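On the provided structure of chain A, position chain B as indicated by the hints.
Here are the chains, one letter per residue:
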Amino acid sequence: MHGVVQAIILGVLIGGVYALMASGLTLVFGIMRVINVAQGALVILAAYLSYALFTHLHIDPFLSILIVTPAMFVLGVAVQLVFVRSLRGPDASELSLLVTWALALGIEGALSAVFKTTYRSTLPSYTYHSWNVFGYQVGVVRVLGFGASAFLLGVLSLLLTRTRFGRAVRATVQNPTAATLLGVDSNHVQTLSFGIGVSMAAAAGAVYGVIYPFNPGSHYDLISRLLSIVVLGGLGSIGGAVAAALTMGVVESVVAVEISPTWAAFSFFIVLIAFLLVRPQGIFGLRERTL
Amino acid sequence: MTRTPARRLAAALVTSVVVAAAVVASGSAAHARTSAGPIKIGISLSLSGDFSDSGKAAQRGYKLWRNVVNAHGGVLGRKVELIVKDDTSSPTQASTNYQNFITKDKVDLVFGPFSTLLSAPSAAVANRYGYAFIEPAGGGPAVFQEKLHNVFFTQPAPVLQSADVFVKYLLSLPKSQQPKTAAYPSLDDPFASPIADRVRTLLEKAGVKTVYKTVYPSETTDMTPIMQKIASKHPDAVIGGTQSNDAFAQVKAMIQLKFSPKFVFLTNGPNDPAEFPSKVGANNVNGIFSTGDWFPQERSPGNAAFVKAYVKAYGGSVDTIDPTAAEAYAVGQVVQDVAKKIHSIDNKRIIATLHAGSWPTVEGVLHWNSIGEPQGSDLLVEWVNGKLNPVFPKAVALATPITPKPGWGG
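If you're matching them up, the sequences are chains A and B in order. The first sequence maps to residues 1 to 291 in our numbering. The second sequence maps to residues 292 to 701 in our numbering.
Just chain A, same shape as in the assembly:
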């Protein structure tokens, strides 16, 4: 029993970080029907930025979130303006898949050229510290990572529910045509939301680099996980993404401990498929959407 509880704690802590990455992906999908398959690569890019800031300027990786996030927000806005916005017509969704995939490969290539393909880790002095909570060992970096993710998800939630911009975003998610008719500048909303989505990847990337070793190719594994999380949570639902990410973290961790690490990654897909058979729209997804 002790082992299972410890595994659940680990799963929740790491699930929180995945939730942050997935929130950006699902937000962007909800607003503009763009599946940003570069989200994983953007996470890794941010991990490298944070790594570079730590290695060369000795900036703490968690503090580096304050630098990396705004920088990547600007990058996200630029990507949306240059690559995504120009896609028009009925095929825009499919084309966006190609464009963002190209972006992912471009980022991977650039990172390989600059940082080589060796695995890196951001290792601040407290990497190896852990706390003993009621007999359970919890790594300091994992708690900090979870805390940072929860805080940023909270901020995102406030932004979406308490601000005028947030209302415009939610209106666009629910019915883009009606939102435009009511005076929402959808171009503006889309650009900013893409930037926010990317900045969520950025913050999560800084955390990811502290917890896991990464190289430019790490984004393949990441994006497959993120897409599964978003699908399980319900496309476009941030709450769903959080619930799905936590589910993934806990399922994988418990299976790795109690059954075998070989089945850990696969087990989440079993949950995903079983759930989608019963509820195809995902945890919090809506059955029908009008475009």
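Since the hints were made in silico from the structure, they are not lab data. Being a predicted model, the structure only gives us computed values, none of them experimental. Built from N, CA and C at the ideal position, the CB exists for glycine as well. Among the hints, erroneous ones may be present.
Claimed, not checked - Reference excerpt, derived from the structure (chain A facing chain B, CB under 8 Å, subset only):
| # | residue |
| --- | --- |
| 1 | Ala7 |
| 2 | Tyr119 |
| 3 | Tyr126 |
| 4 | Ser130 |
| 5 | Gln137 |
| 6 | Thr161 |
| 7 | Asp221 |
| 8 | Val257 |
| 9 | Pro261 |
The following block gives chain B in isolation, referenced to the frame of chain A:
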């Protein structure tokens, strides 16, 4: 499909290029091989593709040997000329390269490529033409299971036996200090988990109880759940069949879980003096064991001179020399010695001679069984006072092993 004029033109062009190439090739073949000329050695190396880092390291070793031997008058008074072709890390291309070396370039000798994957098919090609296949890096079962008599692997032991030295060390300890229980977390990789499995079998025979074993897939980034499970079993020893990242992650997870077993042995990862301390923290390395076929400070035949020449030629510190370079250099040493002994570079005689006797190289003094498996032992290395040192067998030890492992940060 109809043929357009453009297609026909293209086909004609291709045909003429092929014919021209064949003419050139046959012309050059006719000139080949005068016994007074240089000794030509064909080597296929992975200069691009997945194994390019190691392929280039092997190339550095081979070239260094060539430079050293030529500076001393060559082999049997003839200069050595290396013909290196890139195989793009592909086994098919490697086989093709060896085929061409032997049939087109008419080389005198061939040296092995990088890794088991490429060595196994290449050895068969060399065998077909009666060429000795002295090779630096193909130590996996695939190379030896063909039972070829022309293969000679220039490392102290076949890969699967590389961790046997740790078992020998454990059993050399007084009974009270030996581990009673062990856990085996291993990577699903032909060069990781089988090594740990072998150690487990040997230790079980010696009475060490297995409390946990698991094989994890290569995409496992988080070792914490596995380590947590192991920690709950309180084993005396953690023995992991690892590559590099998973080894770092295992150690990191142990530190975070404040789990410090008496013995930690990982097949790969801790044996990388340049990377390991930076990946797990310099004050956490002490007492961790690993294994290696070559070590910069090793007192093997010609090693000091090799290391000195290497650093002079390529720069960097001794700790950054890739063992693959030493393995390749050893191939050259073997050939140099055998040629001196039989006054010939005839492949048939080389093969027959190498099967008898022992051969001093930077990899230690090598001797082989009839299918080219080296009959020696790898080095057991351990981090002692923040430095990686060979600690066993005693004859080659540069430091006294410390057991049990000090706590993390100690």
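>> Checking hints one by one. Is A:Ser130 an interface residue toward chain B, by the C-beta closer than 8 Å rule?
In response: holds (5 Å)
>> Hint validation: A:Gln137 versus chain B, beta carbon distance must be below 8 Å. Holds or violated?
In response: holds (5 Å)
> Should the interface hint for A:Val257 be scored as holding, given a Cβ-Cβ cut-off of 8 Å against chain B?
Replying inline: Given a least distance of 4 Å, the restraint on A:Val257 holds.
> Can the hint on A:Tyr119 be confirmed by a CB-to-CB distance to chain B that is less than 8 Å?
Replying inline: holds (5 Å)
> Once the shortest beta carbon distance from A:Pro261 to chain B is found, is it less than 8 Å?
Replying inline: The hint holds - A:Pro261 has a Cβ within 8 Å of chain B, the shortest such distance being about 4 Å.
> Does the CB of A:Asp221 sit less than 8 Å away from some CB of chain B?
Replying inline: holds (6 Å)
>> Take the shortest C-beta to C-beta distance between A:Thr161 and chain B; is it under 8 Å?
In response: Nearest chain B Cβ about 33 Å off; hint violated.
> Would the hint on A:Tyr126 stand, with a C-beta cut-off of 8 Å toward chain B?
Replying inline: This interface hint is violated because 10 Å lies over the 8 Å limit.
> Are A:Ala7 and chain B close enough, Cβ to Cβ, to be under 8 Å, as the hint says?
Replying inline: Constraint on A:Ala7 satisfied, holds at 6 Å.
When each numbered hint is compared with the structure, violations occur for hints 3, 6.
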